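Okay, so the sequence shown: first residue is 1 according to my numbering, each after it adds one.
Source of the hints: derived by calculation from the structure; they are not laboratory data. All of these numbers come straight from a predicted model, not from anything done at the bench. Some hints here could point you the wrong way.
Said to hold, decoys possible - Simulated crosslink set (BS3-like; lysine-lysine; CA at most 30 Å straight-line):
id	residue 1	residue 2
1	Lys284	Lys74
2	Lys246	Lys204
3	Lys193	Lys204
4	Lys96	Lys204
5	Lys107	Lys193
6	Lys144	Lys265
7	Lys144	Lys204
8	Lys204	Lys280
9	Lys222	Lys246
10	Lys44	Lys80
11	Lys107	Lys80
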Amino acid sequence: MIEFTFIIPSYQQGRFIRRCLDSIWDQGLPRESYEVMIMDGGSKDETASIVSNHPLQPTFISEPDRGQAHAVNKGLAQAKGQYIAWINSDDYYHPKAFFFLREYLLKHPEAKVVYGDGDIVDENERYVCPYPTEDWNHNRLADKCFLCQPSVIFHRDVFETVGMLDEDLHLALDLEYWMRAGREFSFTRLPIKVACSRHYEGTKSNTRPLQMQIEALLVGHKHIGRWSRRRLWSVTENRLIIKKPKLAPEMIHSNREHLLFWTYKIAGYLRLRSRPSLSKYLEKLLQESPSR
Numbered sequence: 001m002i003e004f005t006f007i008i009p010s011y012q013q014g015r016f017i018r019r020c021l022d023s024i025w026d027q028g029l030p031r032e033s034y035e036v037m038i039m040d041g042g043s044k045d046e047t048a049s050i051v052s053n054h055p056l057q058p059t060f061i062s063e064p065d066r067g068q069a070h071a072v073n074k075g076l077a078q079a080k081g082q083y084i085a086w087i088n089s090d091d092y093y094h095p096k097a098f099f100f101l102r103e104y105l106l107k108h109p110e111a112k113v114v115y116g117d118g119d120i121v122d123e124n125e126r127y128v129c130p131y132p133t134e135d136w137n138h139n140r141l142a143d144k145c146f147l148c149q150p151s152v153i154f155h156r157d158v159f160e161t162v163g164m165l166d167e168d169l170h171l172a173l174d175l176e177y178w179m180r181a182g183r184e185f186s187f188t189r190l191p192i193k194v195a196c197s198r199h200y201e202g203t204k205s206n207t208r209p210l211q212m213q214i215e216a217l218l219v220g221h222k223h224i225g226r227w228s229r230r231r232l233w234s235v236t237e238n239r240l241i242i243k244k245p246k247l248a249p250e251m252i253h254s255n256r257e258h259l260l261f262w263t264y265k266i267a268g269y270l271r272l273r274s275r276p277s278l279s280k281y282l283e284k285l286l287q288e289s290p291s292r
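Please model the complete structure; the sequences and the hints are all you need to start from.
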C-alpha cells in the first residue's frame, strides 16, 4: 500500500530540486510505501535531466500550468497515497523526519492533519532561524501563518472533504487551505523538526510582500470572519514603502524620518480600516499592485 504521496510543484528550480529529492530519498521509508510526483510548469533549465537521473525515479509531468495551486491540484488528482506531503522544489526535509511521522500515524490513524516544526534557511542552506511554529489555533491563522508549509502532512480525507487548493490564489494558497481544512479537521502538532523552508530574494513572498498580505487578509476575513489588524498594518506599511521608498525602515536615519513614517502609516491604517467596502477595495488593490 502506498502510504505517502510527495507532491512537488516546480518551475525553473534545477539548482534546488536535487536537494529536495535527496531529502525524500534519505527519509528511511520503504520505497514501496511512497510515491513522488513532480508537477513541473514546463521548465527549460536542467530540471528534467536531474529528475531523470535521480534514483527515486519520480513521476515527472512537465507542461505549462496556471500557477502553483494548479500544479498541486494536478498532483492531488492523481495521488494514490493515504497521506499527502506537499513540498516546493526549493525546500527540503530533515533526515528521518518521516520515519517518526510514519510511526505516529500508524499509532494514531484518527489523525488527519499533523505538522511539525521547521527551519528557515537561505538559498545556500545556511540556517537563518527556526520557523515561528505555534500550537494549533484556527482563529490565530487570520493574523499569522504559523505552519511551515512543507512540515504539514494531511490525510486524503482532507482534500476529499474540503476540495482542492484555490487556483485564484498565488501567494496565500497554503494559508487559505489550512484555514479551510481547519474548519473540518483537527490539526496535531508533533515535537519534531520536519522541513527546511528557503527564504531568499527570488521567492514570491519576498518579491511581492504587499500582494501576499492582501491575499492573507482576504482569506482570513473569508474563513475566520474578521479583519486582522496585524495584516492591515502590514498592508499599510507595504503600500507606504511602494509610494515613498525613502521611508522604508532600512532607509530611515533620523528622528524626523521616523516620525514621518509613523504619521503616514497611522493615517493610512485608519483610512484603510474605515473603508465601507474593504473587500472590494483590497481585491482592486491586489490587481493593481506592482511587485516591490
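Going down the list of hints, with the structure as the test:
1. Lys284 <-> Lys74: Roughly 29 Å separates the two Cα atoms, so the pair holds.
2. Lys246 <-> Lys204: 23 Å, holds
3. Lys193 <-> Lys204: Roughly 24 Å between the alpha carbons, so the hint for Lys193 and Lys204 holds.
4. Lys96 <-> Lys204: 29 Å, holds
5. Lys107 <-> Lys193: 19 Å, holds
6. Lys144 <-> Lys265: 20 Å, holds
7. Lys144 <-> Lys204: 17 Å, holds
8. Lys204 <-> Lys280: 23 Å, holds
9. Lys222 <-> Lys246: Measuring from Cα to Cα gives roughly 34 Å; hence the hint is violated.
10. Lys44 <-> Lys80: 28 Å, holds
11. Lys107 <-> Lys80: Holds. Lys107 to Lys80 sits at ~21 Å (cutoff 30 Å).
Of the numbered hints stated above, the single one contradicted by the structure is hint 9.
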